[in-house]
Amino acid sequence: MAVPKLEQLSKSVVQGPSLATGAIPTRDWMDIPVVFKEGNYAYPAKKDKVEYLNSQKGLHFPNARVWSPEDDDWKLPENWKEIILSGLKERLEKFRSLKIFMDCCVRCGACADKCHFFLGTGDPKNMPVLRAELLRSVYRNDFTLAGKIMGKMAGAREMTVGVLKEWFMYSYQCTECRRCSVFCPYGIDTAEVTMMLRELLHLVGIGINWILEPASNSNRTGNHMGLQPHTFKDNVDFLADDVENLTGIKINHTFNRKGAEVLFITPSADVFAEPGLYTAMGYLLMFEAIGLDYTWSTYASEGGNFGLFTNNETMKKLNAKMYAEAKRLGVKYIIGGECGHMWRVLHQYMDTMNGPADFLEVPVSPITGTVFNNAASTKMIHISEFTADLIKHGKLKLDKSRNSHVKATYHDSCNPARAMGLMDEPRFILDHVVDWVEMPENTIREQTFCCGSGTGLNTDEIMELRMRSGLPRANAVKYVQEKKGVNMLSCVCAIDRATLTSLMNYWNPDVRVCGVSELVGNALVIDGETRGDLEDGLRTML
Amino acid sequence: MPTLEHNGSSFQVDEDGFLLKGMEEFNQDWIDYVKGVEGISELTDEHNKVIDALQEYYKKNGIAPMVRILSKTTGFPLKRIYELFPSGPGKGACKMAGLPKPTGCV
Chain A
509 MAVPKLEQLS KSVVQGPSLA TGAIPTRDWM DIPVVFKEGN YAYPAKKDKV EYLNSQKGLH
569 FPNARVWSPE DDDWKLPENW KEIILSGLKE RLEKFRSLKI FMDCCVRCGA CADKCHFFLG
629 TGDPKNMPVL RAELLRSVYR NDFTLAGKIM GKMAGAREMT VGVLKEWFMY SYQCTECRRC
689 SVFCPYGIDT AEVTMMLREL LHLVGIGINW ILEPASNSNR TGNHMGLQPH TFKDNVDFLA
749 DDVENLTGIK INHTFNRKGA EVLFITPSAD VFAEPGLYTA MGYLLMFEAI GLDYTWSTYA
809 SEGGNFGLFT NNETMKKLNA KMYAEAKRLG VKYIIGGECG HMWRVLHQYM DTMNGPADFL
869 EVPVSPITGT VFNNAASTKM IHISEFTADL IKHGKLKLDK SRNSHVKATY HDSCNPARAM
929 GLMDEPRFIL DHVVDWVEMP ENTIREQTFC CGSGTGLNTD EIMELRMRSG LPRANAVKYV
989 QEKKGVNMLS CVCAIDRATL TSLMNYWNPD VRVCGVSELV GNALVIDGET RGDLEDGLRT
1049 ML
Chain B
5 MPTLEHNGSS FQVDEDGFLL KGMEEFNQDW IDYVKGVEGI SELTDEHNKV IDALQEYYKK
65 NGIAPMVRIL SKTTGFPLKR IYELFPSGPG KGACKMAGLP KPTGCV
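Chains A and B, in that order, give the protein sequences.
Everything in the first sequence is counted per the numbering used here, starting at 509 for the first residue and increasing by one.
Everything in the second sequence is counted per the numbering used here, starting at 5 for the first residue and increasing by one.
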């Protein structure tokens, strides 16, 4: 579907009616059914992908079928309602957090205008409070005394096919970025509500292809892209050759090497698509510069985890390969690359899901001797922590002027910022490698605005929605573009590198997107290099 | 899933118009069909070179090549590939060659 022209869309966001109602709402939200049409939903998961996932040990993706959101009949299993309600019951018992989030919201509305999807669509059901209410209303009806007795008066409603369709619409118009949670006086994690909605929908065979295909690829080949071991190796080799051609530095990288000190894991998009591959070239160059004893893995060849966007079991299974590979290779610890949601999984869940990793050691930088006690339990550190520490100890020779073609700003990728508190390290790195400025303070750090396409919503068929929900971020970039001459949006997330590129092409065409490690690679001065004047850094075409 | 007919051949395609069964259903009619939707006026040896390179790579790797690898094996810079296939290497060339669309953080 064609995306509207910029002038049209920006006017519509500011002045137009909400996407849901088409006008100022005249009816109660419960009485407004969702309408699916081309462009407002992501394509359903292909039947063979769902069947494949369901056939895998430990995974549960029943009711695979061909269906379309636009059809009235979604071909739900006959006992779908029972499945949903018992699924909800099970989760209320299993996850204390869900029960609390269902009970404690006072509907104060502090979250309402903090959501990029609400800001971009004007759709009341995209207010985080109301998105949660889609589930909470059913919870009240079937699991609380007040709801059972007073029904609608107590904000309760029966689970119907219409409600189910509403769940599908709005759990896939949330990127689980958790900006709303920052402002919630109770600390309700609305991302977890979305996660539960998606989990419940999977029980009746409702999911989207852009998430389930990468998840099944990752289970099958080790990474979302579906790169088989020989292809993964070829791609990294290819990038290493490019680095050598550009800088004269021969890269001595290895794969699946037992006894290496460090296992390095990054999103597979970094070794497949632009502009992520320049970030990967940055990693290669920096590890070479310091002579790090590390290895890539063709088995644990994905940092990201689309399981996080489906259900707990898938997340756990896909994540398990990291520790399994670290153990097999006998490394001391793991360094992770620039990925966003990967760090929510690693920082908040990995240790309890697949740990304890008592066969690993607390990470120590072999170059500076710094002990990363913050990763004492997970045994995995972020590349930005590692790099910032090197810079702080003067172990990298950097020439900022090699980035003189760049005027950067920094987008805090949602999960590193809000789920692990990684905010100062990337900034410290940028200070040393490039001329850069901050975006307005209500759009950075823990208040960062999402790229608008995270949690597997980075698919082309919902491009208008993506451009709408990305507008708050794009708007902040536009501000520093116009006031400070910014021409590069740096970030530490692979989804960002792909989605912000589309977002910038649409809203701010002269701003490019890069990973922080690319800028490090550009600025690195290495003994024995023969690099000429690389006017576009590692992107220079020879 | 939609099925479409062209010059007597019928093809099953996904929502994005990619061949559902990939190279299994790929033939000259498919090339001719994509040529039309892509707005390519005449198919040249250069187009064929790109398609052959994509298919050969796919047979070995089960995935489309990195664009830079495609450029290297064909000798065409990215700009030339866009001239040949206006929708680009993914949506244009891969579609014509019967390859699936890559998914993930791309």
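Just so you know, these hints were derived from the structure itself, not from any lab.
Check the hints yourself; a few may be wrong.
[What the hints assert, rightly or not] Derived BS3-like pairs (lysine-lysine); straight-line CA-CA distance at most 27 Å:
{"no.": "1", "chain 1": "B", "residue 1": "K25", "chain 2": "A", "residue 2": "K554"}
{"no.": "2", "chain 1": "B", "residue 1": "K25", "chain 2": "A", "residue 2": "K513"}
{"no.": "3", "chain 1": "A", "residue 1": "K555", "chain 2": "B", "residue 2": "K83"}
{"no.": "4", "chain 1": "B", "residue 1": "K53", "chain 2": "A", "residue 2": "K513"}
{"no.": "5", "chain 1": "B", "residue 1": "K63", "chain 2": "A", "residue 2": "K741"}
{"no.": "6", "chain 1": "A", "residue 1": "K602", "chain 2": "A", "residue 2": "K589"}
{"no.": "7", "chain 1": "B", "residue 1": "K105", "chain 2": "A", "residue 2": "K513"}
{"no.": "8", "chain 1": "A", "residue 1": "K545", "chain 2": "B", "residue 2": "K63"}
{"no.": "9", "chain 1": "A", "residue 1": "K741", "chain 2": "B", "residue 2": "K105"}
- Task: Take the C-alpha atoms of K545 of chain A and K63 of chain B, compute the straight-line distance between them, and say whether it is at most 27 Å.
- Result: violated (36 Å)
- Task: Given the hint that K25 of chain B pairs with K554 of chain A, test it: the Cα-Cα distance must not exceed 27 Å.
- Result: Roughly 12 Å separates the two Cα atoms, so the pair holds.
- Regarding the pair K63 of chain B and K741 of chain A, is the alpha-carbon distance no greater than 27 Å? holds (17 Å)
- Query: Keeping to a limit of 27 Å between CA atoms, is the pair of K741 of chain A and K105 of chain B held or broken?
  - Reply: holds (21 Å)
- Given the hint that K602 of chain A pairs with K589 of chain A, does the C-alpha gap stay at or below 27 Å? Holds, because 20 Å separates the two Cα atoms, which is no more than 27 Å.
- Regarding the pair K105 of chain B and K513 of chain A, is the alpha-carbon distance no greater than 27 Å? Holds, because 26 Å separates the two Cα atoms, which is no more than 27 Å.
- Message: Tell me if the straight-line CA distance from K53 of chain B to K513 of chain A falls inside 27 Å.
- Response: violated (35 Å)
- Query: Given the hinted pair K25 of chain B and K513 of chain A, is their alpha-carbon gap at most 27 Å?
  - Reply: The given pair, whose Cα atoms are some 35 Å apart, is violated under the 27 Å limit.
- Query: Regarding the pair K555 of chain A and K83 of chain B, is the alpha-carbon distance no greater than 27 Å?
  - Reply: Distance of about 37 Å is beyond 27 Å: violated.
The structure fails hints 2, 3, 4, 8 (numbered hints given earlier, in ascending order).
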